[in-house]
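Using the hints provided, position chain B relative to the given structure of chain A.
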Amino acid sequence: MKSLQTFLFIFSCTVVMPSCGKDDLSGNADDIAGLGGDTWVKGPVDDWILSNLTVPYNVAVKYKWDQSEMEFNKVIVPPDEAKVLPVLSAVKQVWIDNYVAETSELFMKKYCPKFFVLAGSASWNMDGTITLGQAEGGRKILLYQLNDFRVKGMDGYQPEDSFTVKQMFHTIEHEFAHILHQNVMYPQEFKQISVGNYTSNWNNVSDQAANEQGFISAYAMSFPDEDFVEMTSMMLVEGRTWFNTMVNGLADEEAQTRLRRKEAIVVNYFKDVWNIDFYSLQTRTRASITVLVK
Amino acid sequence: MKKIALYILSITLCFTACRKDESVFDQSPDERINKTLSDYQAALVSSPTGWKATIIPGNGGIYHFYFRFNSENRVVMYSDFDTATAKHQKESSYRLKALQQPTLIFDTYSYLHLLADPDAAVNGGSYGSGLLSDFEFALDTLYADSIILTGKMNNTRVRLEKASQQELDEWQNGEWADALSFINIANIKNYFKRLTLDGVEYEVHIDPASRTIVFQWLSGGAIKQFATAYYFKAGGIQFENPLTNGSQTITGFSDISWSDDTQTLSVNVNNTAGAIAGAVKPLKTDVNAPRRWWQKAADDDGYWVSLQGFHVNGVDDAYGVTSIPDYAFMIFWPKYGTNSGITYDLTGFITADAEELALNFGAAYQTPAFTSDGRIMFTYLGTLGDVPPEAEDAYLATAGNFLNPAGFYLVQTSETSYDMVSADDAKTWITWVY
Chain A
1 MKSLQTFLFI FSCTVVMPSC GKDDLSGNAD DIAGLGGDTW VKGPVDDWIL SNLTVPYNVA
61 VKYKWDQSEM EFNKVIVPPD EAKVLPVLSA VKQVWIDNYV AETSELFMKK YCPKFFVLAG
121 SASWNMDGTI TLGQAEGGRK ILLYQLNDFR VKGMDGYQPE DSFTVKQMFH TIEHEFAHIL
181 HQNVMYPQEF KQISVGNYTS NWNNVSDQAA NEQGFISAYA MSFPDEDFVE MTSMMLVEGR
241 TWFNTMVNGL ADEEAQTRLR RKEAIVVNYF KDVWNIDFYS LQTRTRASIT VLVK
Chain B
1 MKKIALYILS ITLCFTACRK DESVFDQSPD ERINKTLSDY QAALVSSPTG WKATIIPGNG
61 GIYHFYFRFN SENRVVMYSD FDTATAKHQK ESSYRLKALQ QPTLIFDTYS YLHLLADPDA
121 AVNGGSYGSG LLSDFEFALD TLYADSIILT GKMNNTRVRL EKASQQELDE WQNGEWADAL
181 SFINIANIKN YFKRLTLDGV EYEVHIDPAS RTIVFQWLSG GAIKQFATAY YFKAGGIQFE
241 NPLTNGSQTI TGFSDISWSD DTQTLSVNVN NTAGAIAGAV KPLKTDVNAP RRWWQKAADD
301 DGYWVSLQGF HVNGVDDAYG VTSIPDYAFM IFWPKYGTNS GITYDLTGFI TADAEELALN
361 FGAAYQTPAF TSDGRIMFTY LGTLGDVPPE AEDAYLATAG NFLNPAGFYL VQTSETSYDM
421 VSADDAKTWI TWVY
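Listed in order, the protein sequences are those of chains A and B.
Under our numbering, read the first sequence as residues 1 to 294, first letter to last.
Under our numbering, read the second sequence as residues 1 to 434, first letter to last.
Only chain A is shown next, with the shape it has when bound in the complex (with noise of 0.2 Å):
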């Protein structure tokens, strides 16, 4: 008796549960709204960027509007469908093809930055400075005001676009070049070059007065680290004759002395550590923008 009685609790519990895991409204984990991304139908510019970044360099690019990736209090607006594809063609030609072409297919797969946000304009800032490019974590870059990009050739263009374009490759190179030293350090010798010069206050400087003290830029005047990345991107960017031109200008001979001094000492870094032949890939790069903007 003791244990029908016992049988029939447990049974009616069982019941009784069952019942209760059916109002149970999780639902069903795959009907999720959005998860796994967005999707639309995808068009000629999603097949170019899958065959041409993702297949190859596993590279993602986020062209269609998503606030998540921006600053929530900045106003941004996407960029236009018709710009994206001149903008990633230049992309490719002028950063990952050179360092292919100067590496392996393999360097680039390895240490490319795998993820780009596009947007149409810039992002203006509180002081009434405006920002061209971003970069978070080694991996991903943002790309601001495509609607503005204009190469030669195309309509409107203007000698003055080529600022823009500049600008464009600039942050591309100085993220890449963060990630290599990321991965092996540069030289303990290069923080000594300009040791004591290093300042938060470099954003009142002028990328003139900087030059004098022996920096390639203002920026470089933030810490070292941003020094060696701004030697890499404004001499790849910018090219040699530039670089010499600028610095056989400055009146300071201490100061020619130290970019001198963190020229070879990037050079030698790009030998050392990746087997790159710096002044080649620096040629090939002022080579391609040189095609894009003259």
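Here's a subset of chain B near chain A, in silico, CB distances under 8 Å, partners left out: (1) D30; (2) N34; (3) E72; (4) D117; (5) F135.
List of simulated lysine-lysine pairs, BS3-like, C-alpha gap at most 30 Å: (6) A/K92 to A/K74; (7) B/K152 to A/K62; (8) A/K92 to B/K90.
Computed spacing ranges between beta-carbons, pair by pair: (9) B/Q100 to A/D207: 37 to 45 Å; (10) B/Q100 to A/T245: 53 to 61 Å; (11) B/L9 to A/F72: 50 to 58 Å; (12) A/A287 to B/N313: 42 to 50 Å; (13) A/N58 to B/E392: 52 to 60 Å.
Derived by calculation from the structure, the hints in this document are not laboratory data.
Even for Gly, the Cβ is constructed at its ideal location relative to N, Cα and C.
Just chain B now, kept in the frame of chain A:
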């Protein structure tokens, strides 16, 4: 017996616990959001002739849009933003997404983004915020013939309404583009723009960014003024409030056409033809304005400031003063100094050298002549300071322009601002602020 009571109690407890889990909805949140999104998706593509919408961005102005969505995340648009957007349809992409609310995102650049663009050069708004509009909208309510949207950044309220075939035709046949030819009024190079309608003359000022229009007319020798917002419609423009002047009532313009040859905008008001053309002098000259303007700064030993220099023949800063190295602004300083017993006025160029403002050079004029018909005339006295070679062109052109033999009218635009307009053709002017 005690045991049975215990069983009953525990089973009741089980039931109670069950009830707690019961939801007021009969479907899971995921099922419901998916259903909502697919309902909206179905609604968006349900109108073969598309949708129309009116958008009022935070900066004011009334803009009309036409949208046609397809099921492949593509949308085509028209807009009365400018002549090109009213004439040529543009295709871009959209998608529906479950954010905190079901959301409609216009996710690549389209005519809609022109209003939100933070680049003021695009839309005449402010740098960093544009005209305060949206392109990402929460889907609020779905009605049979309309959808209510709320912008996520600036709370722009939009009502999408199904468009009729006729409304689509109005875009495709260029009736909106015709209406947009009104913006050619900006091509009239004279400062004064005059509407002549049935023998009555009105002075017209337009602010294209906020889409407002100001009329001035003479009534019994005095100037009367009326301001209203305007918006475009197929075939013309409509005033939010009508202008009433005696027997004349103007609710808007239709049949708008621009003639490049005569620099005239033809319009139609209540079946009466009118024309807007440039004028060389104000409807009623403010004869005391030049003296008032000069005296104000002279009394305070202060100066008037111009940021941009002269506007000449449709070109802002025609002499390139803003391109002078380190240029900050231009000033006009009455009774600046004395030389050989002559007290002179100075048009000075202010530069910002080494973080400091400096007045390094300028043109000196004798105390101006004020005519009885309300003009001011300047006589050159000499150059003060050394003009740097890179500023020479801008300096000479600007200083020379003051010597216009016909002189200038002064039009007071606010308590502390005047426009100084050349009296010979009204195609040259400079804005002074105190």
